[in-house]
Amino acid sequence: MIFSLENKNPDKTALLSDTGLAVTYGELCRFPEEMKCHVKERKLAFCMCENSPGAVAGYIGFIENKTVPLMLDAGTGEIQIKNFLNTYRPDYIWAPLSKEQEFTALLMSAPVFNACEYSLWDLNKSGNNAKENEEDKSCELHPDLALLLATSGSTGSPKLVKLTMKNVESNAQAILEYLHIDENERPITSLPLQYTYGLSIVNSHLLAGATVLMTKSSYVQSGFWEFLEKEKATSFGGVPYTYQILKKMRVFRKDIPSIRYLTQAGGKLPKELQEEIGLWAEKFKKKFYVMYGQTEATARMAYLPAEKCLEKLGSMGIAIPGGRFYLIDEKGSETDGIGVTGELIYEGPNVFMGYANTKADLLTGDENHGRLETGDLAKRDEDGFYYIVGRKKRFIKMYGIRVSLDQCENILKEIYPEAEIICGGSDDNIKIYTTDENVSRSAPEKLADILKMSPKGFSGVYVEKIPRNSAGKIMYKELMKEEK
Amino acid sequence: MTNLEKYNNILKRDLKATDDELNDETLVYNRYPRWDSVTHMDMVSDLEENFGVEFDTLDITGFSKYSLGIEILKKLGVQF
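Chains as they are written, first to last, in my numbering: chain B, -7 to 476; chain U, 21 to 100.
It is worth saying that the hints were derived from the structure and are not from the lab.
Pairs of lysine-lysine, DSS-like flavour, derived with a Cα cap of 27 Å:
| id | chain 1 | residue 1 | chain 2 | residue 2 |
| --- | --- | --- | --- | --- |
| 1 | U | Lys85 | B | Lys91 |
| 2 | U | Lys32 | B | Lys240 |
| 3 | B | Lys240 | U | Lys85 |
| 4 | B | Lys423 | U | Lys36 |
| 5 | U | Lys36 | B | Lys91 |
| 6 | B | Lys444 | U | Lys32 |
| 7 | U | Lys95 | B | Lys239 |
| 8 | U | Lys26 | B | Lys444 |
| 9 | B | Lys448 | U | Lys26 |
| 10 | U | Lys36 | B | Lys240 |
| 11 | B | Lys423 | U | Lys32 |
| 12 | U | Lys36 | B | Lys448 |
| 13 | B | Lys389 | U | Lys36 |
| 14 | U | Lys32 | B | Lys438 |
| 15 | B | Lys438 | U | Lys36 |
Work the whole structure out from these sequences, hints included.
Here you go:
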């Protein structure tokens, strides 16, 4: 079984929710068998995720039955769900009982199976989908394909990352090793399950035979901290924005007694904050790990050993066990100098098979052969530690979610076809440069609204002209100087 | 403008809520669509700034529905 689940103590609790639902390793091992008569091999399932045992049981159940789950947020809006349904035409949907009415209405059929507060729909048995799925009946997904994750949480793009069993298991094993995870750990969920980082925490702890504490409460709610305290959680993870909030909540002024370690990934943590948390960890004898990863690498590619946290501020560390980094210059040749910036290349068993944009893409095999061009510009210091310098392509992270600046421009150009608009900025801070003063005032809120994000991270900047070079390319550095 | 109006305006603006949604059945953390952790912290900052108070950890985690924000502000010395 995946993560050798059959070798764990069957009486030990694998998943425990704050509502009291507990699933033991024995139950988790038997679950795929219960699901078996309802699902077929090499078919596609949408696993609508929330942080609850049912979501994880379904994920394990699908994988063990060789049905490929696509992990999606159970809170995904109807328009986006329909977009995914139309693009990928799944055979099954696994969704929380609390959403049963919505899905029954949407799919026009009743669920065929219930377990762990979740329900399963078979779309081949439902009225309106049966016909459309006729052409997919003979369609078998690629034998290596085990799991699908969406690349961007919020821009609505149905682009998927295709992962193999080897990807998932090797990454979980590497994480288990460098974080020294054993069966006594009790991580509490602080990130969404469908998010690669959130899923990697569950994976690596199931591999260790540990107990995952699952709550739908967020760390800004008292329910989260009560559950953490009551069940003696030993770790949680967060994106930079999480740690900014925790700092504002003054969490790092006192001990959190049961916590053994904290992890951070999903974007670059400001140095001051890394230092503050590093000092907190030192004072209270915890470990704080800054890490680096991408969905395309299943989750994790690098980590900064906790004992180097204060010494190597701003660094995302070294490659995980089994992985390797190097830098290439613009011509694609390997560069070897200390402090020289190049594009970061990663090689390891956790590099994804390829992207999918259509159902047909789910039938094709590995395109990457263990090599990933991260798109991040990085440099290396004399001790071999890596530092992210910037992004090669125009992506930034907003509250941990990857947002394409090009896509933002396209959205705004549809709303304001007459205006000249360029998006720039840095993580958690999108700037909309425009030559139209009215647009500079209204665009931030409009864009935030469409991306379903807080308008606080968006600002409009009125400029006299958009500076371009002779080839017509926008000169971003000049553009930033225009800002007064 | 009364403090209640000021409070209501902040919530309406940050959550994009309407007047008839200003109640404990509708404005609940995680249940009201736009009340997520990001908006939550925006609201906390706006309330702190506008009322000249500072929320502590328990105030931030305790603010989980419409009326509780008023209770916390009262506790911090704001008159309603």
